[in-house]
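Respectively, the protein sequence lines represent chains A and B. Taking my numbering, the leading residue of the first sequence gets 1, the next gets one more, and so forth. Taking my numbering, the leading residue of the second sequence gets 327, the next gets one more, and so forth.
Calculated from the structure, these hints are not laboratory results. A couple of the hints might just be wrong.
[To be verified] Chain A stretches covered by chain B per the calculated footprint, using a threshold of three residues with CB under 8 Å from any CB of chain B: (1) 99-108; (2) 189-196; (3) 210-220; (4) 270-280.
[Unchecked claim] Which chain A residues stay away from chain B? Per the calculated CB distances, all over 10 Å, these: (5) A11; (6) R38; (7) G54; (8) D69; (9) R152; (10) T154; (11) R171; (12) L173; (13) S206; (14) R224; (15) G247; (16) T254; (17) E263; (18) A295; (19) C319.
[To be verified] Derived lysine to aspartate or glutamate pairs resembling DMTMM-like cross-links, with alpha carbons at most 25 Å apart: (20) K597(B) with D325(A); (21) K403(B) with D386(B); (22) K647(B) with D113(A); (23) K469(B) with E699(B); (24) K302(A) with D541(B); (25) K597(B) with D113(A); (26) K597(B) with E516(B); (27) K597(B) with E242(A); (28) K116(A) with E378(B); (29) K597(B) with E306(A); (30) K647(B) with E306(A); (31) K116(A) with D620(B); (32) K116(A) with E699(B); (33) K116(A) with E484(B); (34) K597(B) with E263(A); (35) K116(A) with D653(B); (36) K302(A) with E545(B); (37) K523(B) with E484(B); (38) K647(B) with E263(A).
Built from N, CA and C at the ideal position, the CB exists for glycine as well.
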Amino acid sequence: MTTTAPVMAPAIIDTTVHAVEHVAEGVVSLVLRRADGRDFPAWGPGAHIDVHLGEDLVRQYSLCSAPSDLSTLRIGVLRVPDSRGGSKHVHQELAVGSSLAVSAPRNNFPLADSRKYLFLAGGIGITPIIPMIEAAEAAGREWTLHYGGRSRSTMAFADALVARYGEERVRILAEDTEGRMDLQGILGMPRAHMQVYACGPGGMLSAVEDFCMGWPPGALHTERFVADALGAGANSEPFEVELARTGGTVTVDTNQTILEAVEQVGARVLSSCRAGLCGTCETRIVSGEPEHRDAVLTREDKESGEIMLVCVSRAAAGCSRLVLDL
Amino acid sequence: MTTSTHEPAVLAEDPFDPAIIANPYPFLARLRDAGPVSWLEATGSYAVAGYEEVYEVLTDFETYCSSGGLGPRDIRKDAGWRPPSILESDPPIHTVMRRALTGVINPGTVRALRGPFTPPAVELTTELAGRPGFDVIKDLAEKYPLRVFPDAVGIPDEGREHLLPYGNMVFNAFGPENYIFQQAFAHGDEHAAAVMKSCARESLDDAGFGARIWDKVGEGLITEQQATLLVRALLSAGVDTTVFGIGNTLSVLSRNPQAWARLRENPTLAKFAVDEALRLESPFQKFHRTVTVDTTLGGVRIPAGSKVLLFIGAANRDPRKWGDDADTFSFERSSSGHVAFGMGLHQCVGQPIARLEMEIVLQELLPRIATIEPAGEPVPIIHNVLRGFESVPVRITAA
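Looking at chain B on its own, in the form it has when it is part of the complex (with noise of 0.2 Å):
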């Protein structure tokens, strides 16, 4: 089999510029207009914008490869800013890591948080049903997560106040080392080391997944620095992607008020609603894969060495995969298949607690609130890859 190869379209346009981070999505159509794998002269890195091709790439671990890193230096060559995480692993080594995971977060152990998880979320929105209107992110997304994942992974009450400035840098860094990354490392000597405190098995209480995570060092499957490094992991990725689905979810919702009667009517589709949103709105934008073979991605050759740099949002909102109506939120859609949490491999371990909570504080929203609409225009984040905000105002009529 042979398959005809093209030059790639050649982009001027930064996908990190600050404009273009504001609002993405008309910079993300024309770069799926230009094909879906082009040249982005601005990062010296291919870009891939196509469903099917982000799928392919996500899920051929061999050919594109995680352990270069996930931001656009190779850090098999030049080494990164900390130890490598599971997220920039290969097998071998990245198996036994993800077991030890899996065997900590699943299903199972999931299921059991929505009794913990749930009181929080009554509190948060009882009390924010009782105001004319309130800031989605402040009062709500940036609360709840924080109020609840900590403790289910174990970690002393000191130190949390890094988590978010911790997530922040840890994203940031899968773009260049501009003046976003350059602000998110301001205090990131602090951050690291506060967080890395809570990951010693010392700092994490006896009933957490963190300890559970320990555990396995003492059945054998990883060793003392990667347990610390998964614990790291839980706390890096686990915060600040949650406070973004809920933040995004509730943007997404404030702006169809039909989908909010819908749902008032039949709460079960509540979970259907967030994984709409996630397609719609996915808080984790772009990161890269490291070309371990010469290959052919969407026609066109790219040489080993590369750095391939996905576009989940544009992957996500691909009309060739999700119809005509991509750009819009629908009930009717199925969004199975949307790569928001990744996919292959790699896929978001703790997908299954992100889904909990955003699942959680929307039905806990539903019975309370009768109407919710924007009360101004939300103010985007500038984030080198995550999409979320600054603040989305909301008003709201109580039930």
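So that you can see chain A by itself, here it is in the shape it has in the complex (with noise of 0.2 Å):
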């Protein structure tokens, strides 16, 4: 357990733009360097940072690059045209030795361990896959990745992730010539240890979660790809936890479900699958908001807000506080 500070807004980074790369039609790379010249906080596959481009217009944007060198970020930007103005800033103003304020990186969409991993991208949602890739890559572990776009020119780091890994294992889509990526087939059949990271537009993961129902609940990672902002189904932040009941409160770290801390403060909940299956867990929510991530409860039941099961659903992104009967 750990006792809390509320959860603080990151700290700005002053970074200097150190390479502005023409990665894809309509998408530029950036790397970062820090101004003061020392390495960002450490953070893992997954992670975004928060870019400052002008009063309010904050976007959030992916890393790219790889963890272990903390010297640069990259991240990868696609320009939107009808955007409110924050890729269109980054495709315009920006410049090699331009001055930009980032966040520490957070992690959102964090990996987990696993023995294989299916990755599946859609367009400027490959950009959190590729660190995915080089730890599965680093841990030997099995993967695949299916990469759709509108057409091959778009797709940014197509080319050099077929380089370095393949084609076997790298199966790139374009729909002008190829079509749309055949979701059903590649999910079809559920498989045994294997966790599915998809990020992409907003129509693929509703597809990819629909595919989904038959894989081992807790299989499946979404990050929803949008222009203002990660949405929901995402949110692995800290929260805190009041038991109602027994009293005290206790925080939810980004690596650890409700349960396991619960239990760790001594909080006895009766629980079986611990993997959102079977519904033992099922605890009831005096206030705050979940958000479920299981696959047993009923969808009156999730929207009513009364229950949650705690080994796998979490606070919902903006929710710092929930207060359970236990």
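Dock chain one against chain two, each of which comes alone in its own frame, and use the hints as you go.
Shown next as structure tokens:
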């Protein structure tokens, strides 16, 4: 258990644009160095930074450099034609030498250890997947990437990935020549001990969620890649849980479940599968908004906001405190 | 990564020997001591007895498939005695059947059963508390699930007497076709026909789980045959197991007077007591999986096509997982993660119903019975894969 301070707004880090590279049609990659020359804070695959692009203009971009090299950070930015200005600003205003204020890396989409991985990327959603692949490869894990995009020329890092890992494991699908990714074919057959990490547009992720219904609960991890914010389905930030009956408050860290955190302070919760499948750890919510990640509660139960399965579900993004009937 | 492998220990003892079935734990300890994975000469299968290895087999549904059947024969090559159930299926067939079942049986629908499940428990326990003693099995464990569960599924009154004998057949068939199996199947056709009749849509009332499963046919999720098989799965798996669960829990508690006293002080611990009793005396003790590819488990190479016999009762008492006091009942222990209900894709879908029944029975006994103690030796049932008792005589004092 950790006792906590409230979640602090991430500190600002001043950086300088070290390199700008046009990596695909409509996509630039920025390499950032700290203005003070020091290393960036440590981060893991799936992390993102907030990039301050001007007054009230903050955008989040996934990191696609190597976590082992903290001297630089790299992000990939897609130019969105009708954007409210974030990507346009990056594409038009930034050049080598520009100053850019960013946050420390944060991770809403962390990579859990697994024997096998299936990575699914749509368009610019490839960025957080790149460090994930490196980590999986370094750990000697079995993995496959399916990477879809409108056309090959718009697909950032596609050639580099194929060159580095080979076509067997990196399956590139350009819609204009090969059609859309056959998500049903890819996901129709659940695999044991395999985690699925998917990042891309909302429509793709909804389809992924549908086709993953037969997978073991907890196997699917998604990050919605929308221009403005990281949407629901991705919150792994720490939050507090207050135990209404027994008293006390416990912080649930990023790499921990509510069940684990409350057990550490001696609360008794009956549980069995600890994977969101059996429903045994059902717990009543006194206040706060949950993000449901189980595969067993009905939609009515989930929408009621009154109960949750503490083995997998967490606090919703923006909810820093859940009060539970424990 | 390379893993060193070794030859499995070879055991001559037959786990389906009635003497071992009657008192399984010394054998299960010998089996675990021989190694997490051994070879059983008597059955021609690999025995998996370590918690970690049993968990591995249960969750790796690709390497250790279910479509080969839970018995010793590979029903992919050699058809079983009945059309395969959800337990005997793999993805993607399993996926739709499981989805249909969890749509019907889930925490929300089971929560609603506490109301109708409570009065029969009050009635039974009130009557028993007026006596000096009773038989846990005949007077309570065999009565209560039959009072509440068939109503929850919505089957007609006629034919309910076939449920226990049918469950007995289904589970015994997860073991070899020995004398025990033959006894269970003595009037097999009659029981099977009666249960199948209860599974038909026209036999089911409109309010129960059975009708809700049939709704999934209308929604296009499953076929009529699958609906029949899913209702059959509820009826075959939902009665005996709970009878044994109640019987085993009270058998454990009658030998732990301090635990009973503590439960009376704090009845909210009832569900934890049930869980720990299920770990210690797991009703479903063993079943098979079929190996799909050459693999290595617990350092032992296992070729494709092999049958592995999982010893749930050994895993749930494995000292490497539960500590040196794994053979004793303890309130201090978290029994979370025990595999009495299985684990992974095939984990018991009726688990919340079974837990509810067991918790209600215990909660209604606690305020009425001050002390409970054995009034004789429990008589174990000789069953290929289930662990339970014919009779558990107890002496009580009313509260």
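Consistency of the hints with the structure:
1. Here the region 99-108 of chain A counts 0 residues with a CB under 8 Å from a CB of chain B, which misses the bar of 3, and the coverage is violated.
2. Judged by the Cβ-Cβ criterion of 8 Å, the region 189-196 of chain A is covered by chain B as claimed, because 5 of its residues qualify and three suffice.
3. A count of 3 residues in the region 210-220 of chain A with a Cβ less than 8 Å from any Cβ of chain B is obtained; the coverage claim is therefore met, three being the minimum.
4. For the region 270-280 of chain A, the assignment as covered by chain B holds, since 9 residues bring a beta-carbon within under 8 Å of that chain's beta-carbons and 3 suffice.
5. Consistency note on A11(A): stated as away from chain B, and its beta-carbon is indeed over 10 Å from all of that chain's, at 39 Å minimum.
6. Remark: the non-interface label on R38(A) is consistent with the geometry, its nearest Cβ contact in chain B lying 37 Å away (cut-off 10 Å).
7. The non-interface label for G54(A) is consistent with chain B: the shortest C-beta to C-beta separation is roughly 48 Å, beyond 10 Å.
8. With a least CB separation of 26 Å from chain B, D69(A) remains clear of the 10 Å interface cut-off, as annotated.
9. Every C-beta of chain B lies more than 10 Å from that of R152(A), the closest at about 32 Å, which supports listing it as non-interface.
10. T154(A), annotated as away from the interface, keeps every beta carbon of chain B farther than 10 Å; the closest lies near 33 Å.
11. No beta-carbon of chain B is positioned within 10 Å of the beta-carbon of R171(A); the least distance is around 20 Å.
12. Here L173(A) stays apart from chain B, with its beta-carbon at least about 22 Å from theirs, past the 10 Å limit.
13. For S206(A), the condition that its CB be more than 10 Å from all CB atoms of chain B holds, with the nearest at approximately 17 Å.
14. In this structure R224(A) is separated from chain B by more than 10 Å, as the shortest Cβ-Cβ distance comes to about 24 Å.
15. At roughly 16 Å from the closest C-beta of chain B, the C-beta of G247(A) stays outside 10 Å, upholding its exclusion from the interface.
16. Every Cβ of chain B is farther than 10 Å from the Cβ of T254(A); the closest lies at roughly 22 Å, confirming the non-interface assignment.
17. With a least CB separation of 7 Å from chain B, E263(A) falls inside the 10 Å interface cut-off, contrary to its annotation.
18. For A295(A), the requirement that its beta carbon stay farther than 10 Å from each beta carbon of chain B is not met, with the minimum near 7 Å.
19. Every beta carbon of chain B lies more than 10 Å from that of C319(A), the smallest distance being close to 22 Å; the non-interface claim holds.
20. At most 25 Å may separate the alpha-carbon atoms for a hinted pair to count; K597(B) and D325(A) meet this at roughly 16 Å.
21. Of the pairs offered as hints, the one joining K403(B) and D386(B) holds, with about 22 Å between alpha carbons and a cut-off of 25 Å not exceeded.
22. The suggested pairing of K647(B) with D113(A) holds, with an alpha-carbon distance near 21 Å, which does not exceed 25 Å.
23. Under the criterion of a C-alpha separation no larger than 25 Å, the hint pairing K469(B) with E699(B) is consistent with the structure, at around 21 Å.
24. For the suggested pair K302(A) and D541(B), the alpha carbons sit about 22 Å apart, so the restraint of at most 25 Å is met.
25. Straight-line distance between C-alpha atoms of K597(B) and D113(A) comes to about 33 Å, which puts the hinted pair past the 25 Å bound.
26. For the proposed pair K597(B) and E516(B), the alpha carbon gap of about 37 Å is over 25 Å, so the pair is violated.
27. At most 25 Å may separate the alpha-carbon atoms for a hinted pair to count; K597(B) and E242(A) meet this at roughly 23 Å.
28. Taken as a hint, the K116(A) and E378(B) pair is honoured in the structure, with Cα atoms around 19 Å apart against an allowance of 25 Å.
29. Proposed proximity of K597(B) and E306(A) is supported: the alpha carbons are some 21 Å apart, at most 25 Å.
30. At most 25 Å may separate the alpha-carbon atoms for a hinted pair to count; K647(B) and E306(A) exceed this at roughly 34 Å.
31. Restraint check: the Cα-Cα separation between K116(A) and D620(B) comes to about 18 Å, which is no more than 25 Å; the hinted pair holds.
32. Only pairs whose Cα atoms come within 25 Å are accepted, and K116(A) paired with E699(B) is rejected, the gap being roughly 52 Å.
33. A distance of roughly 51 Å separates the Cα atoms of K116(A) and E484(B); the hinted pair therefore is violated under the 25 Å criterion.
34. Simply put, K597(B) and E263(A) have alpha-carbon atoms about 17 Å apart, close enough for the 25 Å limit, and the pair holds.
35. Distance check on the hinted pair: K116(A) and D653(B) sit about 36 Å apart at the alpha-carbon level, beyond 25 Å; violated.
36. As the CA atoms of K302(A) and E545(B) are separated by approximately 22 Å, the hinted pair is consistent with the 25 Å bound.
37. A hinted pair counts as satisfied when its Cα atoms are at most 25 Å apart, and K523(B) with E484(B) qualifies at roughly 10 Å.
38. Simply put, K647(B) and E263(A) have alpha-carbon atoms about 17 Å apart, close enough for the 25 Å limit, and the pair holds.
Comparing the model with each earlier hint shows violations of hints 1, 17, 18, 25, 26, 30, 32, 33, 35; every other hint is respected.
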